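> Chains as they are written, first to last, in this note's numbering: chain A, 1 to 263; chain B, 1 to 263; chain C, 1 to 263; chain D, 1 to 263.
For the record, the hints were derived by calculation from the structure and aren't laboratory data.
Because the structure is a prediction, the values reported are computed rather than measured.
There may be inaccurate statements among the hints.
Heads up, the list lumps identical chains together, so a pair's fine if it works in one copy or across two of them.
[Stated by the list, open to error] Within a straight-line C-alpha distance of at most 30 Å, the following computed DSBU-like cross-link-like pairs (lysine-lysine) qualify:
| hint | residue 1 | residue 2 |
| --- | --- | --- |
| 1 | 241 | 27 |
| 2 | 135 | 30 |
| 3 | 176 | 41 |
| 4 | 27 | 138 |
| 5 | 135 | 185 |
| 6 | 200 | 176 |
| 7 | 81 | 27 |
| 8 | 81 | 185 |
| 9 | 176 | 256 |
4 protein chains.
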Amino acid sequence: MTVAAKTPVKTPAKAQVKTSAKTASSKPSKTQLDDLVLANKILFHFNVVDAFGHISVRDDRDPQNQYLMARHLPPGMVTAKDIVTFDMDSNPLTHTDMPQMSERFIHGEIFKMRPDVISVVHCHARPLIPFGTAKGAKLRPMTHMCGFLGCGVPIYEIRDAGGMTDMLVRTALLGKALAETLGDKAVVLMRGHGATMVGKSIQETVFRAVYSMDNAVVQMQAHALAAGGEVEFLSLEESEKSLGGRNVPRSWSLWKHQMTAGR
Amino acid sequence: MTVAAKTPVKTPAKAQVKTSAKTASSKPSKTQLDDLVLANKILFHFNVVDAFGHISVRDDRDPQNQYLMARHLPPGMVTAKDIVTFDMDSNPLTHTDMPQMSERFIHGEIFKMRPDVISVVHCHARPLIPFGTAKGAKLRPMTHMCGFLGCGVPIYEIRDAGGMTDMLVRTALLGKALAETLGDKAVVLMRGHGATMVGKSIQETVFRAVYSMDNAVVQMQAHALAAGGEVEFLSLEESEKSLGGRNVPRSWSLWKHQMTAGR
Amino acid sequence: MTVAAKTPVKTPAKAQVKTSAKTASSKPSKTQLDDLVLANKILFHFNVVDAFGHISVRDDRDPQNQYLMARHLPPGMVTAKDIVTFDMDSNPLTHTDMPQMSERFIHGEIFKMRPDVISVVHCHARPLIPFGTAKGAKLRPMTHMCGFLGCGVPIYEIRDAGGMTDMLVRTALLGKALAETLGDKAVVLMRGHGATMVGKSIQETVFRAVYSMDNAVVQMQAHALAAGGEVEFLSLEESEKSLGGRNVPRSWSLWKHQMTAGR
Amino acid sequence: MTVAAKTPVKTPAKAQVKTSAKTASSKPSKTQLDDLVLANKILFHFNVVDAFGHISVRDDRDPQNQYLMARHLPPGMVTAKDIVTFDMDSNPLTHTDMPQMSERFIHGEIFKMRPDVISVVHCHARPLIPFGTAKGAKLRPMTHMCGFLGCGVPIYEIRDAGGMTDMLVRTALLGKALAETLGDKAVVLMRGHGATMVGKSIQETVFRAVYSMDNAVVQMQAHALAAGGEVEFLSLEESEKSLGGRNVPRSWSLWKHQMTAGR
Numbered sequence: 001m002t003v004a005a006k007t008p009v010k011t012p013a014k015a016q017v018k019t020s021a022k023t024a025s026s027k028p029s030k031t032q033l034d035d036l037v038l039a040n041k042i043l044f045h046f047n048v049v050d051a052f053g054h055i056s057v058r059d060d061r062d063p064q065n066q067y068l069m070a071r072h073l074p075p076g077m078v079t080a081k082d083i084v085t086f087d088m089d090s091n092p093l094t095h096t097d098m099p100q101m102s103e104r105f106i107h108g109e110i111f112k113m114r115p116d117v118i119s120v121v122h123c124h125a126r127p128l129i130p131f132g133t134a135k136g137a138k139l140r141p142m143t144h145m146c147g148f149l150g151c152g153v154p155i156y157e158i159r160d161a162g163g164m165t166d167m168l169v170r171t172a173l174l175g176k177a178l179a180e181t182l183g184d185k186a187v188v189l190m191r192g193h194g195a196t197m198v199g200k201s202i203q204e205t206v207f208r209a210v211y212s213m214d215n216a217v218v219q220m221q222a223h224a225l226a227a228g229g230e231v232e233f234l235s236l237e238e239s240e241k242s243l244g245g246r247n248v249p250r251s252w253s254l255w256k257h258q259m260t261a262g263r
Numbered sequence: 001m002t003v004a005a006k007t008p009v010k011t012p013a014k015a016q017v018k019t020s021a022k023t024a025s026s027k028p029s030k031t032q033l034d035d036l037v038l039a040n041k042i043l044f045h046f047n048v049v050d051a052f053g054h055i056s057v058r059d060d061r062d063p064q065n066q067y068l069m070a071r072h073l074p075p076g077m078v079t080a081k082d083i084v085t086f087d088m089d090s091n092p093l094t095h096t097d098m099p100q101m102s103e104r105f106i107h108g109e110i111f112k113m114r115p116d117v118i119s120v121v122h123c124h125a126r127p128l129i130p131f132g133t134a135k136g137a138k139l140r141p142m143t144h145m146c147g148f149l150g151c152g153v154p155i156y157e158i159r160d161a162g163g164m165t166d167m168l169v170r171t172a173l174l175g176k177a178l179a180e181t182l183g184d185k186a187v188v189l190m191r192g193h194g195a196t197m198v199g200k201s202i203q204e205t206v207f208r209a210v211y212s213m214d215n216a217v218v219q220m221q222a223h224a225l226a227a228g229g230e231v232e233f234l235s236l237e238e239s240e241k242s243l244g245g246r247n248v249p250r251s252w253s254l255w256k257h258q259m260t261a262g263r
Numbered sequence: 001m002t003v004a005a006k007t008p009v010k011t012p013a014k015a016q017v018k019t020s021a022k023t024a025s026s027k028p029s030k031t032q033l034d035d036l037v038l039a040n041k042i043l044f045h046f047n048v049v050d051a052f053g054h055i056s057v058r059d060d061r062d063p064q065n066q067y068l069m070a071r072h073l074p075p076g077m078v079t080a081k082d083i084v085t086f087d088m089d090s091n092p093l094t095h096t097d098m099p100q101m102s103e104r105f106i107h108g109e110i111f112k113m114r115p116d117v118i119s120v121v122h123c124h125a126r127p128l129i130p131f132g133t134a135k136g137a138k139l140r141p142m143t144h145m146c147g148f149l150g151c152g153v154p155i156y157e158i159r160d161a162g163g164m165t166d167m168l169v170r171t172a173l174l175g176k177a178l179a180e181t182l183g184d185k186a187v188v189l190m191r192g193h194g195a196t197m198v199g200k201s202i203q204e205t206v207f208r209a210v211y212s213m214d215n216a217v218v219q220m221q222a223h224a225l226a227a228g229g230e231v232e233f234l235s236l237e238e239s240e241k242s243l244g245g246r247n248v249p250r251s252w253s254l255w256k257h258q259m260t261a262g263r
Numbered sequence: 001m002t003v004a005a006k007t008p009v010k011t012p013a014k015a016q017v018k019t020s021a022k023t024a025s026s027k028p029s030k031t032q033l034d035d036l037v038l039a040n041k042i043l044f045h046f047n048v049v050d051a052f053g054h055i056s057v058r059d060d061r062d063p064q065n066q067y068l069m070a071r072h073l074p075p076g077m078v079t080a081k082d083i084v085t086f087d088m089d090s091n092p093l094t095h096t097d098m099p100q101m102s103e104r105f106i107h108g109e110i111f112k113m114r115p116d117v118i119s120v121v122h123c124h125a126r127p128l129i130p131f132g133t134a135k136g137a138k139l140r141p142m143t144h145m146c147g148f149l150g151c152g153v154p155i156y157e158i159r160d161a162g163g164m165t166d167m168l169v170r171t172a173l174l175g176k177a178l179a180e181t182l183g184d185k186a187v188v189l190m191r192g193h194g195a196t197m198v199g200k201s202i203q204e205t206v207f208r209a210v211y212s213m214d215n216a217v218v219q220m221q222a223h224a225l226a227a228g229g230e231v232e233f234l235s236l237e238e239s240e241k242s243l244g245g246r247n248v249p250r251s252w253s254l255w256k257h258q259m260t261a262g263r
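Isolated chain A, as found in the complex (with noise of 0.2 Å):
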């Protein structure tokens, strides 16, 4: 079961310089805008991440070179121009006075290695830390809500690609470690730090960042319910078949309906 495509492919960033130089004069559409503030917004209601965590978007201008992301700032805080225009190796194109996100490069990084990801979430969600932690834990959909763990969830091993570090993805290439850990799934584990998911939309992406966290907790109460017995999984087939339908747009619309009026 493969969430991406099969073949990854590698954006050529460097030979659109001229379509970023472009692009960067003119403004992100209100509706991207408006979403990545919004996903912002929910993913901080739903404890998804606190003062720490971003999301990001291909930018409509220029999806295969360009993304956008909140600078450097808590997601419950972030407003319209708050947002920025990165280049595929995560250098700022807007915002170049002020400090950025040290851990740009998950959302870069994972932008050229998979064509078909249109929006990165980067989070600490804290039911999510044990599956990266306890050995030999594995995180496995509970509920049809959840098929998109279904092809599997990776744990990366920091340590792996960078010996002693302080945790944090902030270099191209740790970042290309991540990417490639990930591989064609929709989540991966960060051990001692946190996970990232990836979808084809803002609104994909933020629902399994949220539905993650949620199948975490009861996957942990399963199990302690099981007391070391067996828990029944959704089988590779249902967690396919249960994919698609209208669960996005359903949750979409009433977290933004929440958060619009204040719940």
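Got chain A sorted already, so can you dock chains B, C and D onto it with the hints?
Chains B, C and D only, in chain A's frame:
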């Protein structure tokens, strides 16, 4: 112990098409609309439902042949104008130009099989998921609030009726299989999916949904505390005796107060 | 260690009927009404009670023969005009045309048996349920906030006094059995039902209710973390020594502030 | 690894009484007052403290001889006018007619022993209690947010210094024993009581308090998921390397935003 009548009788839905046609031109009673909208809000407030899940009630105008349920919308966003009239085959008689819940067959097929049931809730309440997936786990009544669990809580394995699916009860056939698994009980767990509760009123069904979830949380804690040792549940007789009383109206009065006052 | 006086004395309720009759025509003190209403709000805010549970206090006008408690209402909805005066046999002296709590005998019978007790809380606080149902579990003081648990926490098995029931303390007989199980302690757990706490003031009893629940949560975590190994509780001497101090008024001042300010 | 300077030096508090006397007539800086009040609100908001717990800071006007801390009040109720100036023997130099925190010696004695420490939090944060009471449990860094735990987290057993007490650090002697147990570390757990955190600023100490609690929750889950198996913590080198960075100011900016906007 039976929660339902001994002999479920299939309602002759076809035979009453005329009545259906007639009543579809009138409006559902204001009481039913108000209660159903409030029920949606309560279920959302207590995290019984999130963007998913639904509640139905037999239509007072023609309870044998029609039921009411919201159109395809997150429960937290439902208003009176979103309430659709369905026939017992789960065809919409109103709002026919709008998308409907794909799992409405849960409701129609249970109403057909269980003349004693007036209202049905379907949800993905998180704490119930482990009881449907951890092998050998059984949801049992921890306190007198949950006597309705005392008669047993069957688990619906969709693979038995549908093989490998997307887990959704998308057809009358799957809905009928669920109704059969439910039998004369109050709650049926759905492996890798959620749960469905029934009751003699909107109020009772909402109560059972909230307290099933509540019971699950406490029961998981009790098993963990017992560390493999015994947990003392309500006996069958205690369960039966605690079914009456003023629990349902008292809870409903509080919840109505909370939803109105914003708590 | 005794929380109560050594020799419980049955209050001669019958002998003072005249006084009762007299005071029923006056009004409870504003202080007691205000504190009791506030206590209801606090217990609801901290999920000690939901739609169920109640708190009583000996009536200042005739503390040996009367107590005050809300009529049959969810605690979160109680106002001063809902406070009923009861005699010690739990007959209402006011609001006689309205439904009363069926478990009011918990309060009357404890007041009869425990002259040192001024206020009683009955609740279904969730984290306490496992300690009354998991065989061998014992609620014990994790910190100095819960020294009142150090003298022991008995468990009331209603089957001993009433056989198979609906679990409710609906009669003076069952209330008396509960009071006897409580003995001179501060808290009694009720199997398959909830718990009852007593104290020398409304404030102290509310404090004990909130912190019993709190202790239960932490103790369950400690046992899980110890994984079958030992947990170090407060010693009897530490429990006794930590009973005094300013804990109760400090908590009450905060809670009053929160309830008033809406937090 | 040392969080503090290698050789703690006892501040010669007595020798500077004149300075103390002088500064007591001026007012603390507005910055320190504002930050300290905000810190109280943040600690309350995140349930690090409830009605109990306190935070102090060395007084900018005379950091070697004085510290600032609220008078005897629940943290959630503290305003600028409640901030008391103390000497290092924990005598109040202002608000002398009002009750003071009985455990203020925690702060004074740590300031004496640790010249590198600018701010101290004492709390009863619930998730930390199990780590101080379950035999053999050790709080260790789950992620790079908690590198400050990597140097070790000692446990203070008050029985060693005070025998059977009411668990409170009511004297300079007990405070000194706590400071000695803390040593050069960032956090000390207190058996049957709570924890104390130190840092180089109000912001850092609040950060450590919030994330110690957070780490405890995740670590308990990881041990449960590992079911007795191994959990991979940050290595000592990873802990040390992750100590720097922008974590503290970023968190503080969010928390300040939340407290101001009411979130």
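> Does each hint fit the structure? Answer for all of them.
Okay, the hints, checked on the actual structure:
{"no.": "1", "hint": "241 to 27", "verdict": "neither (39 Å within a copy, 38 Å between copies)"}
{"no.": "2", "hint": "135 to 30", "verdict": "neither (45 Å within a copy, 50 Å between copies)"}
{"no.": "3", "hint": "176 to 41", "verdict": "within (28 Å within a copy, 41 Å between copies)"}
{"no.": "4", "hint": "27 to 138", "verdict": "neither (42 Å within a copy, 52 Å between copies)"}
{"no.": "5", "hint": "135 to 185", "verdict": "both (21 Å within a copy, 28 Å between copies)"}
{"no.": "6", "hint": "200 to 176", "verdict": "within (20 Å within a copy, 36 Å between copies)"}
{"no.": "7", "hint": "81 to 27", "verdict": "within (10 Å within a copy, 40 Å between copies)"}
{"no.": "8", "hint": "81 to 185", "verdict": "neither (32 Å within a copy, 42 Å between copies)"}
{"no.": "9", "hint": "176 to 256", "verdict": "neither (33 Å within a copy, 35 Å between copies)"}
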